[in-house]
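> Protein chains in written order, with numbering that gives the first Met the number 0: chain A, 0 to 348; chain E, 0 to 589; chain Y, 0 to 353.
In short, the hints are calculated from the structure, not lab data. The structure presented is a predicted model; accordingly, all values stated were derived computationally and were not measured. Hints may contain errors.
Result set (DSS-like, lysine-lysine): computed pairs, CA atoms no more than 30 Å apart in a straight line [what the hints assert, rightly or not]:
{"#": "1", "chain 1": "E", "residue 1": "K79", "chain 2": "E", "residue 2": "K570"}
{"#": "2", "chain 1": "E", "residue 1": "K389", "chain 2": "E", "residue 2": "K169"}
{"#": "3", "chain 1": "E", "residue 1": "K79", "chain 2": "Y", "residue 2": "K218"}
{"#": "4", "chain 1": "E", "residue 1": "K169", "chain 2": "Y", "residue 2": "K263"}
{"#": "5", "chain 1": "Y", "residue 1": "K210", "chain 2": "E", "residue 2": "K234"}
{"#": "6", "chain 1": "E", "residue 1": "K525", "chain 2": "E", "residue 2": "K479"}
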Amino acid sequence: MGKISARARAGGFHPPQIIILSFVAVMMAVAVFLKIDVKTILGDSLVRLAMNGVLVLSLVPMFNAGIGLNFGLPVGIVAGLLGMCLAVNFRITGLSGFLSAMLFSVPIGVLSGGLYSRILNRVGGREEIAATFVGFSFVCLMNLFWATAPFGNPVMLWPIGGHGMRPTIGLQNYFGKALNDLWSVSVSGIRVPVGLLLSFCLLGLLLHLFLRTRIGRALQAVGENETFAALSGIDVRGVRTLAVILSTVLGAWGICFYAQSYGFIELYDAPLMMAFPAASALLIGGASGGRTTIAQVVLGTYLFQTTYILSAPIANELLIPEAAEILRMIVTNCVILYALLHRGGVREA
Amino acid sequence: MPTGKDRLVVSVGRAKPLPTLLAKYSATSLGVQPLPVMPAFAGMTIGFRIPFPTARNQGVSTMLRIGNLTKAFGAEEALKSVSMEIEAGEIHGLVGVNGSGKSTLLNILFGNPAIGRTGGYSGAIYLDGERANISRPSHAVRLGIGMIHQEFALIPGLTVSENIKMGREKVCRFSERVLGRSFSRLDHRRNREDARLTLGRMGIDIDPGTYVSDLSISMKQFVEIAREVDNPELKVLLLDEPTAALNREDSFALMEILKDLARRGAAILYVSHRLEEVVSLCERISVLRDGEISAVFSRAEFDADAIAENMIGRKFLRVSRASRDCSGEPVAVSMRDFSVDMPGERLRGVNLDVRSGEILGVTGLSGHGKLALGVGIMGLFPSRGNVSIKGRLLEKRCASQVISNGVAFLPEDRRTMGLLLDHSVMDNIVFSAVQNKGRFLRRFPLSSLRFLDRKKARLYAEECVGKLGIKCRSVFQKVKELSGGNQQKVCIARSLALEPEILFISEPTRGIDIGAKEIILDILVKINARQGTTIIMASSELEEMRRLCDRIAVLYRGAVFDVLPPGCDDKLLARRCCGEKERAGPAAER
Amino acid sequence: MRRFNPVSVVFVVLCVVGWRCSGLSATFILNEVTIRFIRDGIMVLALLIPIAAGMGINFAVTLGATAAQVGVLVVVDRQIGGPAGLLLALCIGVCLSIVVGCAVGYALNRVKGKEMIATIVMGFLGTSLYQLVFMAGYGALIPSHNREILLSRGIGVRNMVDLHAFRNTIDQYWTVTAGGVQFPVFMILAVFCTAFVIVYVMNTPLGQRFKAVGENREKAELLGIDVDRTRIRAIVLSTVLACLGQIVFLQNIGMLNVYTAHLKTDIFSSAALLAGGATIEKAGVRHAFLGILLFHALFIVSPQAGQNVFGNAALGEYFRSFVAYGTIAFALILNVRHARRAPNAAAPGDADAV
């Protein structure tokens, strides 16, 4: 029986939040002590917030609909990758390239999301583990596609042989950093990517408004109490399908944001483990019990990404460089495991 | 009249199987059964009896004593200072209507973890003279307490002998000495033999190697009992509606087995709704009412009528309403052969016509289907048969269809089915109306994407709060913070927002204190009077229904057993619930 | 009431097609499959008990494998070779596995009904901790006694550690060659022995408790079984067996990929088990044996088949990864026994009183 303490329920902080906050505070102190340039870190953190934030946003519809954490995020990511490849294939550059990538991802996301939701509706109670493996299988299936893909643009293909996609496609000439550089301002030495942040906020706002519409309320009700929703005349199956499709499309857009910011499209096995950091960020923000707010997404993503950024230089100084990555993995998995244990198992009657 | 204690023990040389033997005797001469002894096991039977559990002191002594047992679930008191004594070798009956606290008592005695999770209990339990603090079923079993559950604690994928010997398996002695009991090899042959013996002693003919999943319901019941009979350390046996799944013949067989167990020195607590059986089997009967023992009858005082009356009690009447004859009105809801597949509350072919504007009560014992009526129509469980609303047949029974036909439903379990606990009063009140009728929404081309008109919703909610007297700080307060009665009012308000013509409501006053109960009932009366809403009320509160309803339908074993006028006799109603109809032949009771 | 499981049939078909396309000889495949059988047999068998106890696939066998590697690294660090070293590594690994198994079992008792996602995350977490200890701790906090396995920078174990000290210590015993195929009889018997141990355990009072808990937790509780302790025992047994399996695996391969050897054990073992016809709820020794043969046969022929048919060996590799994950996904999607809305429903015929 997973109970959340009354204190936490009242809107206070959950243990993961407290732990991460103290973790970040300690790391900041250490960073300052080690004279690491804080200004670039702050600028970086803002970029990373928006870059990863959309992926975390994509988890919200499914989580609020009671389907749990979307460990099948790779399905949406692959849709986004396809969309971006199409945009690159048609040689669309700059901001329009980015927007067309997002546009192309939508029908692909809707289709794969629809299929994905049918699978999830079958598994009842085991959504998270089934989603994990559906995601893994889908990525492996797509590997076959990437290896034989009929795309034309040589920049995407192996230089030797010309057959099969490269694992990493550079976006410098296309839409890499297109949004990052849009309306970028320097504020007392910190580089603030206004355009990027605004688009992220816009998406967040749209999602927030969606959750307050009639169907959004139906979605929240399904997440909170499925029996009640069914008795109130809501088409539970339909709402869940909508939630999954929404999550998938947002996931596709999320990888577009990520890739344009990173500057590279990463294919093959790259999407395999991308769901876990996103889930962890969501949980750090305080998500629980199916009533996640956009504010929690922003907070969680920001804290999580700051941990990431700070870990690299600190690990470099104190431990060894590779330790940074391992520490991140530990943090990610600890947070998810804590949430799983805290939430408890299947609700007993 | 022969009592349990002075029965003849006759050893029969060549006995016939038990059921045939019993078939020769009818219910009336139940007291004069010879004890059948299977010849092949005659010697074994005697051998069985030697190492038996005996009470600490020789002679009659108290095996189970309960002192001031109190248990509350939150604010609701399920047991109030219950005290009871059962002697070794006694079969003690426990009767009471739904919600009187019987299951809670059994759960405490058997260490059901749900008791501990909801705050534990206070009071003392003494088993064979020693104080016992039972926290888990494994603990109860170790102490020698066995239980026959209504839902059978049997593992379907294992065989009969494996189930019977669970926890007491015979193992190869050598492997036990070397590897310890947990890792010792099971001696399947001896286990099967033991199981065969036990079943034989009970007169049951089942191959111990059969898988439990392949057995019929009555056979499963016997295997469940065989498990306890097989236990040489059994001190107390708790039975929860053991004959619910058995026909008359098998019920007699069961009662014989229990009498045998009692002779062995076990104390038996027999909980059942079948008054006829309880009266014939038990030495003493305790009546639980509203969490308290209201009376204890001993054999000489047995009188089914008196017992039934004690079960129901008399309450101070306040809200009441003159019943009306609505037979002339058009039919609002019509059910033909309506069956609902709800586990634990199956409906099997209900035929019922509900007239427009009437208040129909639906009652019956728990498990006989009254709770399945509403949820079945709302499509929560698979169902068969025909249901027509206002003359129109419902092709697909799903909530949205039913609601659009003018029906609203209030489930019996408010907290898990009737409310969004984390949402505000306002959100809960307008929810169904928003989703189904599109009320309280702002204009927008796409109807799914419309926003809530918060001002309209707030005003409506405040109106409801005033009209129904919902006590809350504001309409924005979270519903989970309200008391049970106020939560029920929120549910009613939500249904009213749909402006329904027909209202299905299950257990309207469950878990609500006396004062609020009257208010709820008053609201229902007013809805019916002012809007002419047809109300179908499934409830176990017989006297509430008699005050409000125009007719009372009694469900028994999932079908309509009888439809009675509200002015009918208390005892008659109670007896109908137990499935007893006056018979033309010789009287059923002594 | 055995439902026909199509998965094994699909695998047989895929194997036959793959074999034809790959052009590899039957002898070669049989040799390879035999080696894999002894290498992975025990690991697959380790998954059986948690499934019987109703806990689904124990993805935390990775942690048992990790424990084995810790034992091996300690022994290599102290430069103890031969069978003695192997035995010591085994002891260390088993002790660690018992501790880890208890922790995992305790945690799983808090997530009844959602064990699989919890074990996968625990596997990731354990792996990360292991990597941290041996990449950043060895040489720094943990003194190194063996310069050979230390990285040049002074901290961290090398990626690959040679196990020549006990390579093939035991698996060359009693090799029988028949028709070009080598059968290391001792090891095959070892695998059969482990299978026998599992069958034996399921035939003890403890095994009865596993079965009861696996069928219905609530009813097992009512029967007086300590459900929580039984589940912990199931996981501990599984983890210990996984440790044993990894030791066998390592001494057969002869070298240790410190940071990657344990990584996909849970996926491949469970895929193999499921390929043999097991389900999330029911798995037996015959499923394990059949599964290893089928799954690894497919594994072996895929790259070559891909090369021959599509001119791209990588396709074959991608295909076999897909098969592994896909088998597990398929098993999770099918066989949903409990309906979502009725947590403790009586079986369909149960309440149908006369």
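> Hint by hint, say whether it matches the structure.
Status of each hint after checking the structure:
1. E:K79 x E:K570: holds, 25 Å
2. E:K389 x E:K169: violated, 64 Å
3. E:K79 x Y:K218: With Cα atoms ~29 Å apart, K79 of chain E and K218 of chain Y stay inside 30 Å; holds.
4. E:K169 x Y:K263: violated, 42 Å
5. Y:K210 x E:K234: holds, 27 Å
6. E:K525 x E:K479: holds, 26 Å
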